Amino acid sequence: MPDFPISGFHGRVLVADLTRGEVRTVPLDPDTALRYLGGRGLGTRLLYDTIDPSCDPLGPDNAFVIASSPLVGSSAPTAGRGHMVFKSPLTDVIGTSNSGGTWGAAFKSAGYDALVVKGAAASPVMLDIAPGRAEILPADDIWGKTTHETNDILAAASEPGRPARVLCIGPAGENLVRFAAVANDRNRVYGRCGPGAVWGSKKLKAIRVRGREKICIADKEKYQSGHDQAIYLMKQAPVTKRLMRDLGTAGLVELINLISMLPHKNFQDCLHRDEDVERISGETLAKTLLEKAGSCYLCPIGCQRHTRVAGRSGGMESGEGPEYETMVLMGPLCGIYDMAAITRANYRANELGLDTMSYGGTLACAMELAERGLIAASGTGRGPLAFGDAEALEALVGMTSRREGLGASLAEGSYRLAAGLGRPDLAMTVKKLEIPAYDPRASFTQALGYMTSPSGACHLRGGYAVSLAFFGGAREIPRFSLIQSPIAIRNMQNTGILQDSLGVCRFTGYAFSADPWARMVSGVTGRDFSVARLEEIENRVATLERQFNVEAGATAEDDALPDRFADVPVVVEGRERRVTREDQERMKRDYYAVRGWDADGRPGPGLLRALRIEESRR
Amino acid sequence: MTIKAKFFAYFRDLFGGREIGVAVGEGATVGDALAVLCDTPERRREIFAGDGLKPHLVVMLNGVPVQSLRGLETPLSSGDTLAIFPILGGG
Amino acid sequence: MSGPKWQASGDLFREFQALGRASLLYDVQDSHSGNMALRRTNERGEDEIVITATGSQKGDLEPSQICFLSATETDYGYYKASSETDIHARVLALPGVRASMHAHLKDLILATLDDAPKPSRPPDFVPVDPLARHHLGAAIPVDWFAVPSGSPELARVIPERLAGHPLTIIFGHGAMAKGRSLREAFFRLCVGNYAGAVVGGMEKLRIDVEAVRSAIAADPAGAFAAPPPDYEVEGDDRCDFRDEEEILREFVKAGHRIFESRLSPFHSGSMSVRGVATMLYAPKASMPRDVGGPLLGVPLAAAASDDAETALHKAIYAASDFQSVMHCHVPEAEASAYYVYPGESAPADRIIPIDAEGSFLYLVIPVLPPDAPVEALIRSLHEYKVAVVRGGGVWAVGAQSLSEVLHHPSSLREICHYRIGAVERGLDLRRMEPQKAKRW
Numbered sequence: 001m002p003d004f005p006i007s008g009f010h011g012r013v014l015v016a017d018l019t020r021g022e023v024r025t026v027p028l029d030p031d032t033a034l035r036y037l038g039g040r041g042l043g044t045r046l047l048y049d050t051i052d053p054s055c056d057p058l059g060p061d062n063a064f065v066i067a068s069s070p071l072v073g074s075s076a077p078t079a080g081r082g083h084m085v086f087k088s089p090l091t092d093v094i095g096t097s098n099s100g101g102t103w104g105a106a107f108k109s110a111g112y113d114a115l116v117v118k119g120a121a122a123s124p125v126m127l128d129i130a131p132g133r134a135e136i137l138p139a140d141d142i143w144g145k146t147t148h149e150t151n152d153i154l155a156a157a158s159e160p161g162r163p164a165r166v167l168c169i170g171p172a173g174e175n176l177v178r179f180a181a182v183a184n185d186r187n188r189v190y191g192r193c194g195p196g197a198v199w200g201s202k203k204l205k206a207i208r209v210r211g212r213e214k215i216c217i218a219d220k221e222k223y224q225s226g227h228d229q230a231i232y233l234m235k236q237a238p239v240t241k242r243l244m245r246d247l248g249t250a251g252l253v254e255l256i257n258l259i260s261m262l263p264h265k266n267f268q269d270c271l272h273r274d275e276d277v278e279r280i281s282g283e284t285l286a287k288t289l290l291e292k293a294g295s296c297y298l299c300p301i302g303c304q305r306h307t308r309v310a311g312r313s314g315g316m317e318s319g320e321g322p323e324y325e326t327m328v329l330m331g332p333l334c335g336i337y338d339m340a341a342i343t344r345a346n347y348r349a350n351e352l353g354l355d356t357m358s359y360g361g362t363l364a365c366a367m368e369l370a371e372r373g374l375i376a377a378s379g380t381g382r383g384p385l386a387f388g389d390a391e392a393l394e395a396l397v398g399m400t401s402r403r404e405g406l407g408a409s410l411a412e413g414s415y416r417l418a419a420g421l422g423r424p425d426l427a428m429t430v431k432k433l434e435i436p437a438y439d440p441r442a443s444f445t446q447a448l449g450y451m452t453s454p455s456g457a458c459h460l461r462g463g464y465a466v467s468l469a470f471f472g473g474a475r476e477i478p479r480f481s482l483i484q485s486p487i488a489i490r491n492m493q494n495t496g497i498l499q500d501s502l503g504v505c506r507f508t509g510y511a512f513s514a515d516p517w518a519r520m521v522s523g524v525t526g527r528d529f530s531v532a533r534l535e536e537i538e539n540r541v542a543t544l545e546r547q548f549n550v551e552a553g554a555t556a557e558d559d560a561l562p563d564r565f566a567d568v569p570v571v572v573e574g575r576e577r578r579v580t581r582e583d584q585e586r587m588k589r590d591y592y593a594v595r596g597w598d599a600d601g602r603p604g605p606g607l608l609r610a611l612r613i614e615e616s617r618r
Numbered sequence: 001m002t003i004k005a006k007f008f009a010y011f012r013d014l015f016g017g018r019e020i021g022v023a024v025g026e027g028a029t030v031g032d033a034l035a036v037l038c039d040t041p042e043r044r045r046e047i048f049a050g051d052g053l054k055p056h057l058v059v060m061l062n063g064v065p066v067q068s069l070r071g072l073e074t075p076l077s078s079g080d081t082l083a084i085f086p087i088l089g090g091g
Numbered sequence: 001m002s003g004p005k006w007q008a009s010g011d012l013f014r015e016f017q018a019l020g021r022a023s024l025l026y027d028v029q030d031s032h033s034g035n036m037a038l039r040r041t042n043e044r045g046e047d048e049i050v051i052t053a054t055g056s057q058k059g060d061l062e063p064s065q066i067c068f069l070s071a072t073e074t075d076y077g078y079y080k081a082s083s084e085t086d087i088h089a090r091v092l093a094l095p096g097v098r099a100s101m102h103a104h105l106k107d108l109i110l111a112t113l114d115d116a117p118k119p120s121r122p123p124d125f126v127p128v129d130p131l132a133r134h135h136l137g138a139a140i141p142v143d144w145f146a147v148p149s150g151s152p153e154l155a156r157v158i159p160e161r162l163a164g165h166p167l168t169i170i171f172g173h174g175a176m177a178k179g180r181s182l183r184e185a186f187f188r189l190c191v192g193n194y195a196g197a198v199v200g201g202m203e204k205l206r207i208d209v210e211a212v213r214s215a216i217a218a219d220p221a222g223a224f225a226a227p228p229p230d231y232e233v234e235g236d237d238r239c240d241f242r243d244e245e246e247i248l249r250e251f252v253k254a255g256h257r258i259f260e261s262r263l264s265p266f267h268s269g270s271m272s273v274r275g276v277a278t279m280l281y282a283p284k285a286s287m288p289r290d291v292g293g294p295l296l297g298v299p300l301a302a303a304a305s306d307d308a309e310t311a312l313h314k315a316i317y318a319a320s321d322f323q324s325v326m327h328c329h330v331p332e333a334e335a336s337a338y339y340v341y342p343g344e345s346a347p348a349d350r351i352i353p354i355d356a357e358g359s360f361l362y363l364v365i366p367v368l369p370p371d372a373p374v375e376a377l378i379r380s381l382h383e384y385k386v387a388v389v390r391g392g393g394v395w396a397v398g399a400q401s402l403s404e405v406l407h408h409p410s411s412l413r414e415i416c417h418y419r420i421g422a423v424e425r426g427l428d429l430r431r432m433e434p435q436k437a438k439r440w
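Chains as they are written, first to last, in the working numbering: chain R, 1 to 618; chain D, 1 to 91; chain U, 1 to 440.
These are computed hints drawn from the structure, not numbers from a lab. The structure displayed is predicted, hence computed values, not measured ones. Don't be surprised by glycine CBs; every beta carbon is placed ideally from N, CA and C. Among the hints, erroneous ones may be present.
Said to hold, decoys possible - Here are the computed distance ranges between Cβ atoms for each label pair:
id	chain 1	residue 1	chain 2	residue 2	range
1	U	346	D	63	51 to 59 Å
2	D	51	U	11	28 to 36 Å
3	D	51	U	43	36 to 44 Å
4	R	228	D	77	46 to 54 Å
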């Protein structure tokens with residue numbers, strides 16, 4: 001650490017080649033660190049330098065990168081998140097996924113800035129990382145175990161002051177389910193884009209980290225001024241002050257329904273009965289299932305839900321969740337309002353290492369296909385699948401993880417499922433990633449976000465535009481402005497890139513924007529990271545992600561919503577709204593122009609030079 | 001005339017229910033209805049800041065935020081639904 | 001057969017009513033004072049004067065309180081026309097003048113009070129702000145009158161003054177403005193009051209106003225940033241983006257707020273939102289209810305025909321990712337930009353909030369000199385989101401929406417208000433400012 005010229009970084013990248021069974025440490029290039037920071041920025045650059053974007057995502061030539069950031073290891077609020085970048089086996093474009101908990105902070109304390117894993121082992125392995133020591137160990141005896149079991153077994157190696165934190169896959173990843181997740185700290189998840197399947201294809205079961213390596217803060221006063229301002233603002237803002245702790249993200253259910261944006265039955269409409277919505281609301285969750293709130297590393301917000309629910313056949317089960325996305329995509333999207341069933345299915349998904357969002361989206365698609373007679377049986381022994389079948393919701397989690405019966409088709413994701421039956425138009429995805437729980441017809445800005453997100457339809461990578469008219473008085477944002485959407489969503493996407501590259505949580509955005517981060521990063525590193533410079537980094541990362549996708553074979557045609565959203569309106573504030581193809585085209589072209597890409601959404605060599613994005617070093 | 005007031009999050013406890021019918025006179029405004037509902041100092045404190053609404057509050061009339069209409073001056077019609085809740089956010 | 005003597009309807013009435021209400025909100029009327037008049041050719045081709053009735057509440061005009069008079073004779077009808085009718089009639093006879101307005105501009109009157117024995121001619125009021133300097137001139141006449149209301153002396157002097165100035169001050173009473181329209185007259189009154197408020201703020205801050213005036217006289221061009229655009233009488237109804245309903249609503253609401261919260265005088269300031277190749281632009285950001293102003297859609301690319309205000313908006317967008325820009329003339333900030341700490345010789349380059357909320361939201365707000373290059377302003381806006389240009393108003397930016405930007409000049413007004421009040425109370429600002437702010 002004293003050797004590396006920039007404070008906040010250890011100056012070391014761990015590279016594991018599972019084909020060769022070797023782990024080595026390579027130095028982090030300071031210039032790269034300055035230009036990409038950490039997390040998503042650094043991870044994308046390292047991935048781009050390691051793999052060919054046109055490779056087979058489930059083959060040995062794919063890699064994944066986990067990167068920490070210069071703020072992790074400081075006291076910056078929520079600075080403990082990890083970011084994982086890989087080529088996605090679900091979407092065939094860049095996979096970029098983020099998780100909270102404590103693993104990210106532990107990884108940084110093990111003495112590394114990033115981890116690159118490439119190749120594939122012949123039999124199950126795990127990585128064990130501590131300061132100055134990184135080993136590949138056999139993992140046959142934990143292969144097949146759930147994420148909880150794996151975590152508990154491996155975390156037993158904890159010592160006082162040096163807790164061992166575990167990142168692992170469950171059976172879903174082992175069985176190469178295309179939307180399998182990677183879980184840390186038991187119930188925190190790198191959920192989207194199928195990183196679990198990438199791990200499974202490499203026969204990597206787990207990564208355990210522990211350490212006590214600290215970082216230096218170069219300019220404590222500057223760091224402290226940013227830190228104090230951030231804490232003060234988080235205590236002021238009502239979202240971060242009280243609401244999240246009271247209701248968790250599920251508190252959004254009633255609100256999103258009120259603004260006519262709550263999805264229903266594979267996005268057929270947004271119509272729900274009030275009494276049904278109440279059954280899955282954050283208020284009801286708080287009253288009936290919540291045991292306590294919980295926090296991730298260094299977070300004062302406390303939105304985690306630690307819950308208990310009655311088992312389907314007696315006894316009590318406990319776990320974490322449901323979050324808003326899970327509650328809705330495994331709920332009303334499937335025609336289900338049974339919170340107990342949703343919660344139990346959520347627990348199973350966490351244990352088996354499955355993304356609840358893509359699972360819900362895929363199941364909803366299957367339900368629609370079944371109601372149209374295209375899927376004969378559910379394989380649950382209870383007759384054909386249909387919207388509203390909460391028992392099938394629970395049963396199919398395990399079957400999907402094990403690729404049994406209908407689960408084998410579900411494991412491919414909704415797009416491949418529907419396309420295989422000749423109806424790709426019934427999969428509600430963008431770039432084969434299932435759409436999150438905000439109907440895009442109720443916000444054109446969000447629609448554009450789904451279309452242009454680098455990872456496919458995502459509200460975290462695509463920009464979170466959900467009517468901030470409600471979230472903090474002054475920040476009213478138009479929902480249906482064609483002229484403003486491209487700039488607005490670009491700015492929201494950039495904010496997300498910054499947060500993902502610093503290892504901090506989206507929810508800090510409810511309290512403040514870039515200024516405190518600029519001061520904290522400048523203070524930690526001792527370099528001038530002005531807001532303008534951070535913007536430069538955000539734009540650099542966004543264009544590099546796009547460049548990766550272009551090389552992976554993505555085109556402008558892929559930046560489009562399914563036909564349903566162009567053809568079938570929903571009613572918002574008394575008016576019919578849909579996202580016409582003309583409006584999609586117009587917003588998309590304007591967005592490309594704002595990003596500096598050509599009319600086909602490709603970054604040109606001039607832009608790559610201007611942003612100082614070097615060619616791949618692979 | 002009667003309008004419906006719906007409450008969310010901790011406002012349910014504060015106002016004593018999920019949904020309350022409010023009787024107001026003809027030509028009453030959003031501000032008038034809120035004044036009727038805020039009949040204790042504690043309730044007033046959560047909703048009003050001086051003569052206006054507290055900034056971090058969401059008040060919607062039939063699904064439209066009242067700031068997009070005429071704020072507290074927005075006129076009410078019989079059967080309208082007023083939704084009142086503290087600010088939320090999520091993922 | 002003559003037409004109605006006292007009933008106004010339609011657009012004419014709405015204009016009087018809206019401006020009357022605006023003048024009340026801007027606190028340049030007390031309950032029954034002030035008056036406004038315009039000259040027009042009516043439906044029958046006659047030259048007539050339309051004027052508010054005496055004793056009417058200008059803030060709450062009713063149709064029966066607007067009087068129609070022949071331009072050549074006064075006529076009293078049911079409500080007596082304004083006691084200042086003669087003055088208005090003579091002002092309206094000046095070439096090019098179609099409107100006249102009288103108001104009690106409290107801040108300007110306060111700034112021109114003195115205790116010298118009268119009768120004597122008080123000194124001209126010399127503005128120290130860019131708006132009044134450009135729109136009202138380097139010196140505004142002040143006259144003392146033994147009978148400062150409805151007197152023949154007034155009727156003789158005021159039109160003379162207004163023949164050579166847009167605005168003239170009646171010592172200890174009020175001011176009168178002429179215009180090509182009622183709006184222009186109102187604009188000039190509001191700018192005049194703003195000028196008085198700036199001087200008042202500076203005096204409370206114990207700034208040597210005379211020294212500032214001397215410096216301006218010595219180098220007028222160097223004392224201010226680029227001059228504001230001239231007042232346009234046409235085009236207030238123009239709206240280029242009716243299809244963008246939500247953004248339109250944002251502009252209208254922001255316009256109301258800027259006027260009502262006195263963040264910028266009537267029809268001054270500017271605000272914009274950018275698209276990909278277009279800029280939605282309001283060149284008169286301060287827009288009271290029912291009065292409005294132009295809402296334009298212009299190309300985002302810089303054009304040779306752009307005035308300095310428009311050009312600066314475009315320059316900010318060209319060099320950043322910001323989505324919205326606002327320029328306001330906040331009198332408290334304009335005054336604060338000249339503040340010199342005791343023991344120092346030059347104005348401070350920053351405003352440091354001493355109030356709790358201000359000091360956490362904004363550690364400091366930079367103050368730039370009038371000749372600061374565009375790049376310096378843009379850099380400040382990047383780091384701080386809001387900056388004050390001495391002699392150039394307040395600039396603020398936002399990443400997402402107009403209502404987000406509005407927060408900045410609004411907070412700044414409060415921050416400056418507390419600083420000014422503290423100095424007025426004899427408190428030591430340095431002791432009240434947070435330590436960390438001084439080194440940032």
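Each hint tested on the structure:
no. : hint                     : result
1   : U/346 - D/63: 51 to 59 Å : 56 Å, holds
2   : D/51 - U/11: 28 to 36 Å  : 31 Å, holds
3   : D/51 - U/43: 36 to 44 Å  : 43 Å, holds
4   : R/228 - D/77: 46 to 54 Å : 49 Å, holds
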